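Given chain A's structure and the hints, the job is docking chain B onto it.
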Amino acid sequence: MREAHLQELGLTLPVATAEAPDWLELVRKAAIDRFAATGFPTARDEEWRFTPIGPIAQGIWRRGTAPSGEVTREQLAPFIFGHPEWTTLVFVDGGYSEALSYTGELAAGVRAGSLAEALQADDALLEKHLARHASIETSPFTALSTAFMRDGGFLHVPADTDLTHPVHLIFVTTPEAAGSVTHPRNLVVIERGARASVIESYVSLAEGVSYWTNAVTEVIAGANSWIEHTRIQRESERAYHVGLTHVEQQRDSHYRSFTLAMGGALARHNLHARLSGENVETLMYGLYLTRGDQVVDNHTAIYHDQPNCRSWEVYKGVLDGRSRAVFNGKVFVKPEAQKTDAKQTNRNLLLSDTAKVDTKPQLEIFADDVKCTHGATVGRLDDLALFYARSRGVPAEKAQRLLTYAFAAEVTSEVVLEPVREELDRLVRERLGEM
Amino acid sequence: MLEIRGLRASAGGKEILKGIDLTVNAGEIHAVMGPNGSGKSTLAQVLAGHPAYEVTAGEVLYEGNDLLDMDPEVRAQAGIFLAFQYPVEIPGISNAYFLRAAYNEIRKSKGLEEVDSMDFLDLLEQKLQLVEWGPEIMSRAVNSGFSGGEKKRNEILQMAVLEPRLAILDETDSGLDIDALRIVASGVNALRKPDNAIIIVTHYQRLLNYIVPDRVHVLSAGRIVRSGGKDLALELEARGYEWLEQEVGAAS
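So the protein lines, in turn, are chains A and B. The opening position of the first sequence corresponds to residue 1 in the working numbering, with each subsequent residue numbered one higher. The opening position of the second sequence corresponds to residue 436 in the working numbering, with each subsequent residue numbered one higher.
Here chain B stands alone, though its shape is the one from the complex:
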């Protein structure tokens, strides 16, 4: 589904990703871990097409197509979803209005008819249950005045409604209490289907107690320095990132 080869990216002239190779197949969940500043959020944002990053080398194929050549909206329409680390507040438009606009744009891109607000409310009702929310949240302005946890939950709601094929969660677990973490995890697990893939970018192992990854990758200074199974995450939790960085440093 996703093939990243030799990806290098920089922001403001500073190189952050220094050659990433990663393959994600349909049905898989990958965890990308690493210390602060390792480039893991940059990787997530580059995949979604964030304009602040410049890709300087490498290629990314998504379902066989050149992802880097696609505008952010085209990527979304093709099934890519980034749950933001810092979801953006948009005062002035309601959560329902924004989400329906997005939902309809994705439908339009597939040649499907737009849904009206009544039909959309029906759809929303099921998805709201998934994140254990009542309908009130939908009349509030997008993320405006939301708590940190509410914002993350709102990302999961959007993901549940838009049903992406490849979801990328950028530190969705950070700052969440245990209940919110459980809700986020159940939202992600609901998306887990043989056709879909999920990339979880996280600093900590604890989300992985709820969502079991197929592969774990450790990013350090813009490179993947180790890949392994789910046990690698536990090892990192027990030993921290330093031992790995030292080991890698000694090897190179």
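Okay, chain A solo, but in the shape it has when bound:
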């Protein structure tokens, strides 16, 4: 791919700035070279076979000059939940908004703020971690993110520290950002023995407007750390959303993820966890709610590199209209990763005759003493359960909603942090209709 074509796509490299550290320029350069060599994925690429990214690849996307639109506190209010003390970092059209953000009380040594600001300080922690875990070879979109990232959340919790309150990162897109692309980039470093909850929300004030979000988050879970990570994707239903979350887990760490995907014309999220130490626990829960012509695609990959680790994954989907969902879950077990215990489940509930699911579990196991299972189902509401609810006086239509809600609630109930669980529950009820 030539420079001219990249320019046409609005993908020219940003002019090097005095503030950006040298190491980052090298990282960006390698990333743009990578993208220039690969271009966008095509339908021939196995990883993207079911994901119609044509509108992204063929689009002309302005690089957002954030903030392009104004956001008031009132406009932001519907996306804020939990406790007012929670540190909330708000990014408008890709850029940090100091006015809308709030930093609550943080334990000693905790840093939570804008990545762009942290980069200006150019500390060794960023150089050590930023773009070092989510490889530019993961996908062309990751390469684009690394080349063009400008801002996002940066969270550092030092060793043996409890973050206490979660940190909420909110990425809001305004109507003024129509036709533009942003590359939110987050770095979360939780050191040895620390404990933290992080929430990412991708939301929109631009319903009916097309834009493209290309988000990448890197999470480093230090030895014996505990992390709950929630990702709420509620983009405009005309927007495109591509995201990668890469988690690096050191020994004895516990990482649990919940991803809710309900927005976007096309939304793709990759969640990758590398279990690079022994006795690691990885829990991945996901829920996607689709309608209309939405396409929602979840790819997960769990790399069991070390022995005695456990991974547990449950993704569920509720599909209506002509929407389509893709689920691909990979589990790789290295020869040395004996005593691996991995279970993966994908369950889909179809509410219409025209909704469609492509689900594909993929286990690649090279160790012999392991317990690995997977299962996928695509179906409708259970007739017997419907009759059961009706026989108790619940009208048919309401019984359907009740059971659909129950199907979704089974997975949202896995979230540990109560205010987050309640917010997810509220979003599910709102989407599926009050019960």
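These aren't lab readings, by the way, just hints derived from the structure by calculation. Check each hint, because a few of them may be wrong.
[Claimed, not checked] Below, computed lysine-lysine pairings styled on DSBU-like, alpha-carbon distance capped at 35 Å:
| # | chain 1 | residue 1 | chain 2 | residue 2 |
| --- | --- | --- | --- | --- |
| 1 | A | Lys356 | A | Lys128 |
| 2 | A | Lys398 | B | Lys562 |
| 3 | A | Lys398 | B | Lys543 |
| 4 | A | Lys398 | B | Lys628 |
| 5 | A | Lys371 | A | Lys398 |
| 6 | A | Lys398 | B | Lys545 |
[What the hints assert, rightly or not] Just a few of them, taken from the derived set where beta-carbon distance is under 8 Å, the chain B residues facing chain A:
| # | residue |
| --- | --- |
| 7 | Ala483 |
| 8 | Asp506 |
| 9 | Glu508 |
| 10 | Leu517 |
| 11 | Val523 |
| 12 | Ile525 |
| 13 | Pro526 |
| 14 | Ser544 |
| 15 | Gly546 |
| 16 | Gly584 |
| 17 | Leu597 |
These figures come from a predicted structure and were not determined experimentally. Yeah, the Cβ is synthetic: ideal placement off N, Cα and C, and Gly gets one too.
For chain B alone, coordinates are given in the frame of chain A:
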């Protein structure tokens, strides 16, 4: 209260009920007994409106209305309750949430106001005592991971909360230990009122030691082959079903 006339029903093209006639008056307890495959569970499920069964002939009047014309939820709102032989698991919603939803739907159908979760908890407290349960059970998902006995007890709890006029117990006693049986029986006896009626579908006589029926009917191959008083159940217990089937076979 309930009049069944010439009821025939089939499932998957196979006729199971071959002409049932049965009248149940308010205040009565009827036991429907019979060997496996006789159609007694089918009768219970047809009365509740199970969609797997097709009624091919006959009529059922409930308080003078055509029961077969009513949707399952309308039957429940009109006071019919089926305690399932195999209660359904619903992961994802709590026992309290489900039961309150049902309770409120029945109230709404009567033009009464819905109760909020606090008031409902008060009501639940008394009903839980009846089945000798603490409140913990209410935060567990509906029947999910319940033991067989817990599921049956949960049916009795639902029945106690919904206070039906006609309760149909489909083999509620099967698989219960003696303590659970006693609890189920006390739940049923608490419902016993002059305005209510109860139909107990069972294979065995032992539940009838705790709940004394007014009438006992024996179902065989989709027909009621004998009706009698409570002594008929004891006779069945002593002699099994075979003698009756042979007697009926010889007579026909």
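Checklist entry - Under the criterion of a CB-CB separation shorter than 8 Å, is Glu508/B in contact with chain A as hinted? => result 5 Å, holds
Next on the checklist: Against the 35 Å threshold, does the CA-CA distance of Lys371/A and Lys398/A hold or violate the hint?
Outcome noted: The hint is violated at about 40 Å.
Next on the checklist: Just to be careful: measuring from the Cβ of Ser544/B to every Cβ in chain A, is the smallest value less than 8 Å?
Outcome noted: 7 Å, holds
Next on the checklist: Min Cβ distance, Asp506/B to chain A: is it shorter than 8 Å?
Outcome noted: 7 Å, holds
Checklist entry - Does the nearest C-beta of chain A fall within a distance shorter than 8 Å of the C-beta of Ile525/B? => result 5 Å, holds
Checklist entry - Does Leu517/B pass the interface hint, meaning its C-beta sits closer than 8 Å to a C-beta of chain A? => result 6 Å, holds
Checklist entry - Is the hinted pair Lys398/A and Lys562/B satisfied, with a Cα-Cα distance of at most 35 Å? => result With Cα atoms ~25 Å apart, Lys398/A and Lys562/B stay inside 35 Å; holds.
Checklist entry - Holds or violated: Gly546/B as interface residue toward chain A, Cβ cutoff 8 Å? => result 14 Å, violated
Item to check | chain A contact restraint for Val523/B - C-beta distance below 8 Å | outcome: 4 Å, holds
Checklist entry - Would the pair Lys398/A and Lys543/B pass a check requiring their Cα atoms to be no farther apart than 35 Å? => result 13 Å, holds
Item to check | When the least beta-carbon distance from Leu597/B to chain A is tested against 8 Å, hint result | outcome: It holds, given that the least Cβ distance between Leu597/B and chain A is near 7 Å, below 8 Å.
Checklist entry - If you draw a straight line from the CA of Lys398/A to the CA of Lys545/B, is it 35 Å or shorter? => result OK: Lys398/A and Lys545/B at ~17 Å, within 35 Å.
Checked against the numbered hints above, the structure breaks hints 1, 5, 15, 16 and satisfies the rest.
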